[in-house]
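Colleague: Reassemble the complex: the two chains are provided individually, in unrelated frames, and hints are given to aid placement.
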Amino acid sequence: DQQVKQNSPSLSVQEGRISILNCDYTNSMFDYFLWYKKYPAEGPTFLISISSIKDKNEDGRFTVFLNKSAKHLSLHIVPSQPGDSAVYFCAAREAASYDKVIFGPGTSLSVIP
Amino acid sequence: GAVVSQHPSRVICKSGTSVKIECRSLDFQATTMFWYRQFPKKSLMLMATSNEGSKATYEQGVEKDKFLINHASLTLSTLTVTSAHPEDSSFYICSAEGQMYEKLFFGSGTQLSVL
Numbered sequence: 065d066q067q068v069k070q071n072s073p074s075l076s077v078q079e080g081r082i083s084i085l086n087c088d089y090t091n092s093m094f095d096y097f098l099w100y101k102k103y104p105a106e107g108p109t110f111l112i113s114i115s116s117i118k119d120k121n122e123d124g125r126f127t128v129f130l131n132k133s134a135k136h137l138s139l140h141i142v143p144s145q146p147g148d149s150a151v152y153f154c155a156a157r158e159a160a161s162y163d164k165v166i167f168g169p170g171t172s173l174s175v176i177p
Numbered sequence: 392g393a394v395v396s397q398h399p400s401r402v403i404c405k406s407g408t409s410v411k412i413e414c415r416s417l418d419f420q421a422t423t424m425f426w427y428r429q430f431p432k433k434s435l436m437l438m439a440t441s442n443e444g445s446k447a448t449y450e451q452g453v454e455k456d457k458f459l460i461n462h463a464s465l466t467l468s469t470l471t472v473t474s475a476h477p478e479d480s481s482f483y484i485c486s487a488e489g490q491m492y493e494k495l496f497f498g499s500g501t502q503l504s505v506l
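These protein sequences, in sequence, are chains F and D. So the first sequence is residues 65 to 177, counted in our numbering. So the second sequence is residues 392 to 506, counted in our numbering.
Same shape as in the complex, but just chain D (with noise of 0.2 Å):
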């Protein structure tokens, strides 16, 4: 089955650093990508939708400048969060649609903790 790999699985950071997540659909072409995150005991939020070769779409309330999302090639999106703060300490998981329309593939998802 498809299957959506997401690197680092847990990162540690000093505040003000940057931080850059991997997202790859492995066996699959992936035109667009989904950015979630999640906080302790709460839903996952969507972040921003990524699509190959263009900008992404982010979600009310998502700082874009914030929370830079790349998408370059049809099986890699990249979220770097720049000068990273305690608040941005969280679960980020990426996904990317599958051949089958209605389904989405996950990664394995990102800890981030911000010192």
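Bound-form chain F, shown alone (with noise of 0.2 Å):
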């Protein structure tokens, strides 16, 4: 059962524009999420991340929102840019699971010049 749903494999925008990615999950025991963007053969770096008391967090042009009743948050890039061409994936972890960490399958994001 897959507990983080990342409902879109992939998403194209063109630059300059806004980006949403899409993120579900099942387990409302899980309290806090985290956004990783990974390329090709490399291991992901952390981009966002939001603690289940806040509903909104926002670092530069990476803003993630919560909605908790939901069970949904989303990633907006703007405005997007060609390297922010890459998989990105979405994560949440449960505090009382030892603290790891979940991902979802990721959706690739091509920004088009």
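Check each hint, because a few of them may be wrong.
Stated by the list, open to error - With a straight-line Cα cutoff of 27 Å, these simulated DSS-like cross-link-like pairs (lysine-lysine) come out:
hint : chain 1 : residue 1 : chain 2 : residue 2
1    : D       : K446      : D       : K411
2    : F       : K120      : F       : K132
3    : F       : K69       : F       : K120
4    : F       : K69       : F       : K135
5    : D       : K405      : D       : K455
6    : F       : K164      : D       : K405
7    : F       : K164      : D       : K411
8    : D       : K446      : F       : K164
9    : D       : K457      : F       : K164
10   : F       : K132      : F       : K164
For the record, the hints were derived by calculation from the structure and aren't laboratory data.
Modeller: Spelled out as structure tokens, the structure:
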């Protein structure tokens, strides 16, 4: 059973426009959510995170929104740049479960110049 | 910032041999390290959680005798794929918990190809 879902395997966005990547989760015990960016054959790099006690966190061009009632979060990238083209993983962790991080399947973002 | 070094980045081996992958936290002490496996176009699958000085905790479905994990110090964890077979070919990534509780820092990954 997939606890973290990213239903869009891929997304294409024009440069300068907004990219919105969505993530849904099923485990209500998750208390921290993270977004990672990954290039091929490289390890993921941390982008932004949000605690379950917040509903928004912003860092430069990246904003993460959390809707706990809907068990949904989204990553907004604005303006999108060609260098943002990568696979984005949504991840969640549950402090009570040895802090392990569960990753979604990822969404491949292509930003078209 | 925190850096995690993973070595080797790529390894090709014959079926039946064992392969060791090292994961080091370079500028911080990592009491907990995680090992992930990624299949092509698939998500990162957590294999095991490695705690310094104790036995690793394996996820369901991961063979502990096949994937030996050792976390002998606060800066080094190793994953040994024993008697590797072609189906073990994958991209393996380690991560370590940084000083900031919520962040994981990842190694650059190891592409294992078993012939």
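Colleague: A separate judgement is required for each hint: does it hold in the structure or not?
Modeller: Hints, one by one, checked against the model:
no., hint, verdict
1, D:K446 x D:K411, "17 Å, holds"
2, F:K120 x F:K132, "11 Å, holds"
3, F:K69 x F:K120, "19 Å, holds"
4, F:K69 x F:K135, "10 Å, holds"
5, D:K405 x D:K455, "21 Å, holds"
6, F:K164 x D:K405, "32 Å, violated"
7, F:K164 x D:K411, "23 Å, holds"
8, D:K446 x F:K164, "16 Å, holds"
9, D:K457 x F:K164, "21 Å, holds"
10, F:K132 x F:K164, "20 Å, holds"
Consistency note: the structure conflicts with earlier hint 6 alone.
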